Amino acid sequence: MTDFRTPLAKVRGMGSAKEGTGHFWRQRLTAIANVPLLLFFIGLIVYLNGASHAETVAALSHPLVALAMIAVLISGLYHMRLGMDDIILDYAHSEGMKFALVILNNFFCLGVGLMAVYSLLKLSFGG
Amino acid sequence: MSADAKGTRPLSPHLQIYKPIPTMVASITHRITGAALYFGTLLVAWWLIAAASGPAYFDYVQGIFGSWIGRLVLFGYTWALVQHMLGGLKHLMWDTGRGMEKEQTTKMAKFIFVLAPVLTLLIWFAGYAARGV
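Top to bottom, those sequences are chains A and B.
Sequential numbering from 1 applies to the first sequence in our numbering.
Sequential numbering from 1 applies to the second sequence in our numbering.
No false leads were mixed into what you were given.
Just some of the chain B residues that point at chain A, by a computed CB distance under 7 Å:
(1) G34
(2) L48
(3) A52
(4) I123
(5) A126
(6) R131
Cβ pair distances, simulated, as ranges:
(7) B:F75 to A:F24: 31 to 41 Å
(8) B:G99 to A:L29: 18 to 28 Å
(9) A:T6 to B:G70: 57 to 67 Å
(10) A:G126 to B:F75: 25 to 35 Å
(11) A:G126 to B:G76: 25 to 35 Å
(12) B:A129 to A:G15: 42 to 52 Å
(13) B:F75 to A:M14: 36 to 46 Å
Since the hints were made in silico from the structure, they are not lab data.
It should be emphasised that the depicted structure is a prediction, and the values quoted were computed from it without experimental measurement.
For each residue, glycine too, the CB sits at the ideal point set by N, CA and C.
The task is simple: from the sequences and hints, build the whole structure.
In structure tokens, the structure reads:
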């Protein structure tokens, strides 16, 4: 089969979208991280089911719990940002809509992350 | 000519025409649960904000989560997480080139649809057993 790619394109290995396997790789990386992290999160929620405010704060402000929760949030939110990009690119057909939704997607994930991480930091350091 | 190329080309059959099969239901379920988990992170953020805001607001939010509709949503959210995680593990296995035979993919799709609700129930039993609420 004739290959029309230039030698430079072949060496770069970035494909037609010029992004290479970056999206795929980061999605898999966060997916693998999400397995233990979200199992931890489920365990924490099970443990804190029906817990009082004092018990919840005590658990969430423990350094290891806070650290693990921040990891859950970073990995989870990054993974879902990548996944939502896929959904948007599949279903949004006009360029304008695509841009708008991709931008909203970034803002949403960043916003949720900031709210959640700030709350965790306040619980840990805010007294 | 160009109008014909745009307007009257035959379309391939799509979702409404194909008979649903396990693998395709599993595929769209993976996407839908992913999207549900996406918007559900607002609940996680809300819970953390409530914890950081003090006892009064925390109890108010706990009350909403603990209502029957709150529990229903959280149960669905737990299922979405388990279903999406099992589907994701299947994808990671596929990434290594294993388990891609037609019979295997169908079997795994069916198996996950059974396993996810079972694990979800177990998680909720554990939650209630932990406190007896």
